[in-house]
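Asks: Residues per chain, in single letters:
Protein chains: 2
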Amino acid sequence: MNTEFQPYYAVIFTSKQSNTLEGYAEMAQQMEQLAKEQPGFLGMDSARNDIGITVSYWDSLDSIQKWKQHSEHLVAQRKGKTHWYSWYNVKICKVEREYEF
Amino acid sequence: MNTEFQPYYAVIFTSKQSNTLEGYAEMAQQMEQLAKEQPGFLGMDSARNDIGITVSYWDSLDSIQKWKQHSEHLVAQRKGKTHWYSWYNVKICKVEREYEF
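As given, the protein sequences belong to chains A and B, one line each in that order. Take the first sequence: its letter number 62 is residue 62 in our numbering, and every next letter is one higher. Take the second sequence: its letter number 4 is residue 4 in our numbering, and every next letter is one higher.
Be aware that a few hints might be false.
What the hints assert, rightly or not - Here are the computed lysine-lysine pairs in the DSS-like style, where the Cα-Cα straight-line distance is at most 27 angstroms:
{"#": "1", "chain 1": "B", "residue 1": "LYS68", "chain 2": "B", "residue 2": "LYS81"}
{"#": "2", "chain 1": "B", "residue 1": "LYS68", "chain 2": "A", "residue 2": "LYS94"}
{"#": "3", "chain 1": "A", "residue 1": "LYS81", "chain 2": "A", "residue 2": "LYS68"}
{"#": "4", "chain 1": "B", "residue 1": "LYS16", "chain 2": "B", "residue 2": "LYS94"}
{"#": "5", "chain 1": "A", "residue 1": "LYS16", "chain 2": "A", "residue 2": "LYS36"}
{"#": "6", "chain 1": "B", "residue 1": "LYS94", "chain 2": "B", "residue 2": "LYS66"}
{"#": "7", "chain 1": "B", "residue 1": "LYS68", "chain 2": "B", "residue 2": "LYS36"}
{"#": "8", "chain 1": "B", "residue 1": "LYS68", "chain 2": "B", "residue 2": "LYS79"}
{"#": "9", "chain 1": "A", "residue 1": "LYS81", "chain 2": "A", "residue 2": "LYS94"}
{"#": "10", "chain 1": "B", "residue 1": "LYS16", "chain 2": "A", "residue 2": "LYS36"}
{"#": "11", "chain 1": "B", "residue 1": "LYS66", "chain 2": "B", "residue 2": "LYS16"}
{"#": "12", "chain 1": "A", "residue 1": "LYS94", "chain 2": "A", "residue 2": "LYS16"}
{"#": "13", "chain 1": "B", "residue 1": "LYS94", "chain 2": "A", "residue 2": "LYS66"}
{"#": "14", "chain 1": "A", "residue 1": "LYS16", "chain 2": "A", "residue 2": "LYS81"}
{"#": "15", "chain 1": "B", "residue 1": "LYS79", "chain 2": "B", "residue 2": "LYS36"}
{"#": "16", "chain 1": "B", "residue 1": "LYS94", "chain 2": "A", "residue 2": "LYS68"}
{"#": "17", "chain 1": "A", "residue 1": "LYS94", "chain 2": "B", "residue 2": "LYS66"}
{"#": "18", "chain 1": "A", "residue 1": "LYS16", "chain 2": "B", "residue 2": "LYS94"}
{"#": "19", "chain 1": "A", "residue 1": "LYS94", "chain 2": "A", "residue 2": "LYS66"}
{"#": "20", "chain 1": "B", "residue 1": "LYS36", "chain 2": "A", "residue 2": "LYS94"}
{"#": "21", "chain 1": "A", "residue 1": "LYS16", "chain 2": "B", "residue 2": "LYS36"}
{"#": "22", "chain 1": "B", "residue 1": "LYS81", "chain 2": "B", "residue 2": "LYS66"}
{"#": "23", "chain 1": "A", "residue 1": "LYS94", "chain 2": "B", "residue 2": "LYS94"}
{"#": "24", "chain 1": "A", "residue 1": "LYS36", "chain 2": "B", "residue 2": "LYS94"}
{"#": "25", "chain 1": "A", "residue 1": "LYS36", "chain 2": "A", "residue 2": "LYS68"}
{"#": "26", "chain 1": "A", "residue 1": "LYS94", "chain 2": "B", "residue 2": "LYS16"}
{"#": "27", "chain 1": "A", "residue 1": "LYS66", "chain 2": "A", "residue 2": "LYS16"}
{"#": "28", "chain 1": "A", "residue 1": "LYS16", "chain 2": "A", "residue 2": "LYS68"}
{"#": "29", "chain 1": "B", "residue 1": "LYS36", "chain 2": "B", "residue 2": "LYS16"}
{"#": "30", "chain 1": "B", "residue 1": "LYS36", "chain 2": "B", "residue 2": "LYS66"}
{"#": "31", "chain 1": "B", "residue 1": "LYS36", "chain 2": "B", "residue 2": "LYS81"}
{"#": "32", "chain 1": "A", "residue 1": "LYS16", "chain 2": "A", "residue 2": "LYS79"}
{"#": "33", "chain 1": "A", "residue 1": "LYS79", "chain 2": "A", "residue 2": "LYS36"}
{"#": "34", "chain 1": "A", "residue 1": "LYS16", "chain 2": "B", "residue 2": "LYS16"}
{"#": "35", "chain 1": "B", "residue 1": "LYS66", "chain 2": "B", "residue 2": "LYS79"}
{"#": "36", "chain 1": "B", "residue 1": "LYS81", "chain 2": "B", "residue 2": "LYS94"}
Stated by the list, open to error - Listed next, with one range per pair, are the computed distances between beta-carbon atoms:
{"#": "37", "chain 1": "A", "residue 1": "ARG48", "chain 2": "B", "residue 2": "GLU26", "range": "17 to 25 angstroms"}
{"#": "38", "chain 1": "B", "residue 1": "THR20", "chain 2": "A", "residue 2": "LYS36", "range": "29 to 37 angstroms"}
{"#": "39", "chain 1": "B", "residue 1": "GLU98", "chain 2": "A", "residue 2": "ASP50", "range": "15 to 23 angstroms"}
{"#": "40", "chain 1": "B", "residue 1": "ASP62", "chain 2": "A", "residue 2": "THR82", "range": "40 to 48 angstroms"}
The set of hints was computed from the structure by calculation and includes no laboratory data. Note that this is a predicted model, so its numbers are computed, not measured. The beta carbon of each residue, even a glycine, is placed where N, CA and C say it ideally should be.
If we strip away everything but chain A, and leave its shape as in the complex, we get (with noise of 0.2 angstroms):
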């Protein structure tokens, strides 16, 4: 076991789309080009089946509010609501503990 383990934060969105997937594509990968960009940033996982799993991964909340609040992804959030997702929550959580194998 790793004693020096840094807890860190995880962002789990999960979402449901629309039947209006139109510009999404486009601004999902905007948004994940951007999202690596900005400070406190670790890394990202995603899958789409019924539903969407997106988790991203943060050095601490500040960052997280950060990008929540970034101009560029506040246009993508609302996009989001308005046309590409039916439904989505939005998990902060912190990373307490972590094995691989």
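Assemble chain B onto chain A, guided by the hints.
Replies: Structure of chain B alone, referenced to chain A:
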């Protein structure tokens, strides 16, 4: 904002499948069913493309630990390592905040 938010726990399971998937689908279904029957289980979401992401939600670290040690789940974990996954990562997280659209 909900001032009565009760923290709970998320297990983020990220995985890459191997090329030997015989028996995987049945076991995945069995494990999902079995997880749902465990004390403290709150919910589960899954999606898979290049990678798979399964997030399960639990009321406490104790419930997560018990599920990890469940005898049938141990068999599944072993088969996962020897057969179905080329890689996986498990993160135990405390859900601190949540919002929905």
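Asks: Hints first: check each against the structure and report whether it holds.
Replies: Hint check results:
Among the hinted pairs, LYS68 of chain B with LYS81 of chain B is consistent with the structure: their alpha-carbon atoms are about 14 angstroms apart, no more than 27 angstroms. Using a Cα cut-off of 27 angstroms, the hinted pair LYS68 of chain B and LYS94 of chain A holds, with the two alpha carbons roughly 20 angstroms apart. With a C-alpha separation of about 14 angstroms, the suggested pairing of LYS81 of chain A with LYS68 of chain A holds against the 27 angstroms cut-off. At roughly 24 angstroms between alpha-carbon atoms, LYS16 of chain B and LYS94 of chain B fall within 27 angstroms of each other, so this suggested pair holds.
Proximity of LYS16 of chain A to LYS36 of chain A is assessed by CA-CA distance (about 23 angstroms); at most 27 angstroms being required, the pair is judged to hold. Note on LYS94 of chain B and LYS66 of chain B: the hinted pairing holds, with a Cα-Cα distance of about 17 angstroms set against a maximum of 27 angstroms. In summary, the hint linking LYS68 of chain B to LYS36 of chain B is supported, as the alpha carbons are separated by about 13 angstroms, within the 27 angstroms threshold. Between LYS68 of chain B and LYS79 of chain B the CA atoms are separated by roughly 14 angstroms; this keeps the pair inside 27 angstroms, and the hint holds.
For the hint pairing LYS81 of chain A with LYS94 of chain A, the CA-to-CA distance comes to about 26 angstroms; that is within 27 angstroms, so the pair holds. Between LYS16 of chain B and LYS36 of chain A the alpha-carbon distance is near 22 angstroms, which keeps this suggested pair within the 27 angstroms criterion. Only pairs whose Cα atoms come within 27 angstroms are accepted, and LYS66 of chain B paired with LYS16 of chain B is accepted, the gap being roughly 25 angstroms. Using a Cα cut-off of 27 angstroms, the hinted pair LYS94 of chain A and LYS16 of chain A holds, with the two alpha carbons roughly 24 angstroms apart.
Of the supplied pair hints, the one linking LYS94 of chain B and LYS66 of chain A holds, its CA atoms being roughly 21 angstroms apart against a limit of 27 angstroms. Distance check on the hinted pair: LYS16 of chain A and LYS81 of chain A sit about 11 angstroms apart at the alpha-carbon level, within 27 angstroms; holds. Taking the CA atoms of LYS79 of chain B and LYS36 of chain B, the gap is about 20 angstroms. The hint holds against a cut of 27 angstroms. With a C-alpha separation of about 20 angstroms, the suggested pair LYS94 of chain B and LYS68 of chain A falls inside the 27 angstroms cut-off, and the hint holds.
Between the alpha carbons of LYS94 of chain A and LYS66 of chain B the distance comes to roughly 21 angstroms, so the proposed pair stays at or under 27 angstroms and holds. Of the supplied pair hints, the one linking LYS16 of chain A and LYS94 of chain B holds, its CA atoms being roughly 23 angstroms apart against a limit of 27 angstroms. Note on LYS94 of chain A and LYS66 of chain A: the hinted pairing holds, with a Cα-Cα distance of about 17 angstroms set against a maximum of 27 angstroms. Restraint check for LYS36 of chain B and LYS94 of chain A: the C-alpha separation of about 24 angstroms stays at or below 27 angstroms, so the hint holds.
A hinted pair counts as satisfied when its Cα atoms are at most 27 angstroms apart, and LYS16 of chain A with LYS36 of chain B qualifies at roughly 22 angstroms. Distance check on the hinted pair: LYS81 of chain B and LYS66 of chain B sit about 20 angstroms apart at the alpha-carbon level, within 27 angstroms; holds. For the given pair, LYS94 of chain A sits about 5 angstroms from LYS94 of chain B by alpha-carbon distance, which is consistent with the 27 angstroms threshold. For the given pair, LYS36 of chain A sits about 24 angstroms from LYS94 of chain B by alpha-carbon distance, which is consistent with the 27 angstroms threshold.
Proposed proximity of LYS36 of chain A and LYS68 of chain A is supported: the alpha carbons are some 13 angstroms apart, at most 27 angstroms. Simply put, LYS94 of chain A and LYS16 of chain B have alpha-carbon atoms about 23 angstroms apart, close enough for the 27 angstroms limit, and the pair holds. Among the hinted pairs, LYS66 of chain A with LYS16 of chain A is consistent with the structure: their alpha-carbon atoms are about 25 angstroms apart, no more than 27 angstroms. Note on LYS16 of chain A and LYS68 of chain A: the hinted pairing holds, with a Cα-Cα distance of about 20 angstroms set against a maximum of 27 angstroms.
This hinted pair checks out: LYS36 of chain B and LYS16 of chain B have alpha carbons roughly 23 angstroms apart, not beyond 27 angstroms. About 13 angstroms separates the Cα atoms of LYS36 of chain B and LYS66 of chain B, which keeps this hinted pair within 27 angstroms; it holds. Simply put, LYS36 of chain B and LYS81 of chain B have alpha-carbon atoms about 22 angstroms apart, close enough for the 27 angstroms limit, and the pair holds. With a C-alpha separation of about 14 angstroms, the suggested pairing of LYS16 of chain A with LYS79 of chain A holds against the 27 angstroms cut-off.
The suggested pairing of LYS79 of chain A with LYS36 of chain A holds, with an alpha-carbon distance near 20 angstroms, which does not exceed 27 angstroms. In summary, the hint linking LYS16 of chain A to LYS16 of chain B is supported, as the alpha carbons are separated by about 23 angstroms, within the 27 angstroms threshold. Of the pairs offered as hints, the one joining LYS66 of chain B and LYS79 of chain B holds, with about 19 angstroms between alpha carbons and a cut-off of 27 angstroms not exceeded. A distance of roughly 26 angstroms separates the Cα atoms of LYS81 of chain B and LYS94 of chain B; the hinted pair therefore holds under the 27 angstroms criterion.
Distance hint check for ARG48 of chain A and GLU26 of chain B: the Cβ-Cβ separation is about 24 angstroms, which falls inside the suggested range of 17 to 25 angstroms. At roughly 33 angstroms, the beta-carbon separation of THR20 of chain B and LYS36 of chain A lies within the given 29 to 37 angstroms, and the hint holds. The hint said 15 to 23 angstroms for the Cβ distance between GLU98 of chain B and ASP50 of chain A, and at roughly 21 angstroms that hint holds. For the pair ASP62 of chain B and THR82 of chain A, the beta carbons lie near 42 angstroms from each other, so the given range of 40 to 48 angstroms is met.
Hint check: no violations occur; every hint is consistent with the structure.
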